[in-house]
Structure formats: C-alpha cells, structure tokens
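Undergrad: Sequence:
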Amino acid sequence: MDFIQDNLLNLIVFFPLLSALIVFVLPEDEKNLIRRLALVLSLVPLVLVLIMWFTYNAQYRFAGGFAFEVQAEWFPAIGASYHMGIDGISLTMFLLTTILTPIAILASFDIDDKVRMYMTLFLVMETAMLGLFASLDLMIFFIFWEFGLVPMYFLIKIWGGKDRDYA
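My numbering puts the first residue of the sequence shown at 1, with every later residue one more than the last.
Watch out, some of these pointers could steer you wrong.
Said to hold, decoys possible - Simulated crosslink set (EDC-like; lysine to aspartate or glutamate; CA at most 16 Å straight-line):
(1) Lys114 / Glu30
(2) Lys114 / Glu28
(3) Lys157 / Asp87
(4) Lys31 / Asp163
(5) Lys31 / Asp87
(6) Lys114 / Asp29
(7) Lys31 / Asp110
Unchecked claim - Label-pair ranges, simulated between beta-carbon atoms:
(8) Glu146 / Phe24: 15 to 25 Å
(9) Pro76 / Asp163: 28 to 38 Å
(10) Gly88 / Glu146: 41 to 51 Å
(11) Pro76 / Asn10: 17 to 27 Å
(12) Glu146 / Leu18: 33 to 43 Å
Hints are computed from structural coordinates only; laboratory data are not their basis. No residue lacks a Cβ here, since even glycine has one placed at the ideal position from N, Cα and C.
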C-alpha cells in the first residue's frame, strides 16, 4: 500500500493514458470489448480518487498547503519543474472528473463509427484534465492544457453535431 500511497497522484493522472494505450491496441472490429474495457478502465481512477479523498480528509484537511505533492527537477535553466499537488478545490475537481468520465463513456456507447479512436481520445482527455487540475508549475499546466486540446479538437471535429465546424 505504500507504493500506491506514495505515487497516488501520478497513478490517478497517468492511469487514463495507460488505459488509452491499452484500448488503442485492441482490434477496431471488437467494438463492444472496446466500449466495456474503456468503461471499466475509466472506473479505476475513480476508485483511486476515492482513496485520495478519504486520505485527504483524514490527514490533510486542516493542514493547509498541498497534499500528495510531487516535485522533480525538469528544466532548471528556465525554472520549470514537474510539480504537482492537490488541495481541496483540485481534489473536488478530480472527483468530478473521475465521476463524469465513466458516465460520458457510458452515454457514448451508441457511437458506432471509429469506436476505438473515440474511446482512446476520451481517455487521453481525462489524463489532460486531471493533470491540469493537479499542476503547480506553469509549464506543466500549459503542457496539460495543450495536451487536452488535441483530443478535444478531434472529438468535436469527428463526432460533433451538425455545426461542429463552427465550434
């Protein structure tokens, strides 16, 4: 349990990216398998966020500052580092994101065109959103922001409504 506790933030942020890679290697014609696996894999970050929620309430609730903080040197020449952490607001956004992602995946089960790409992009977008909410360094924030725009563009462009070109 110490490994999970020590790396909980990174596990939550990057597990959807690993899930996207798993979904991406599945055969395109296995649409039901892709849908179900994407749904199940999107529930794992929710479970991890619930663990984080209860740990935060028990240990960090009144401590102030950031919990589950991760920091590593990245680009010292420009003062950028891999610095991520959670406070009460970002933890709430984590919970909201990990609740809504499986609901959105479940609601999109009727999509029949390019299911593998859709589910992969959706899971990549979840990683970007979670990373965005946990970023404590402007460079990391910007990277996750831009990383989220790519799947969002393709999701809107390919599966958007009739006015998707105007979005």
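Undergrad: Each hint should be assessed against the structure and marked as holding or not.
TA: Hints, verified against the model:
no. : hint                       : result
1   : Lys114 / Glu30             : 11 Å, holds
2   : Lys114 / Glu28             : 7 Å, holds
3   : Lys157 / Asp87             : 34 Å, violated
4   : Lys31 / Asp163             : 27 Å, violated
5   : Lys31 / Asp87              : 38 Å, violated
6   : Lys114 / Asp29             : 9 Å, holds
7   : Lys31 / Asp110             : 10 Å, holds
8   : Glu146 / Phe24: 15 to 25 Å : 20 Å, holds
9   : Pro76 / Asp163: 28 to 38 Å : 46 Å, violated
10  : Gly88 / Glu146: 41 to 51 Å : 26 Å, violated
11  : Pro76 / Asn10: 17 to 27 Å  : 21 Å, holds
12  : Glu146 / Leu18: 33 to 43 Å : 20 Å, violated
Taken one by one, the earlier hints fail for this structure at numbers 3, 4, 5, 9, 10, 12, listed in ascending order.
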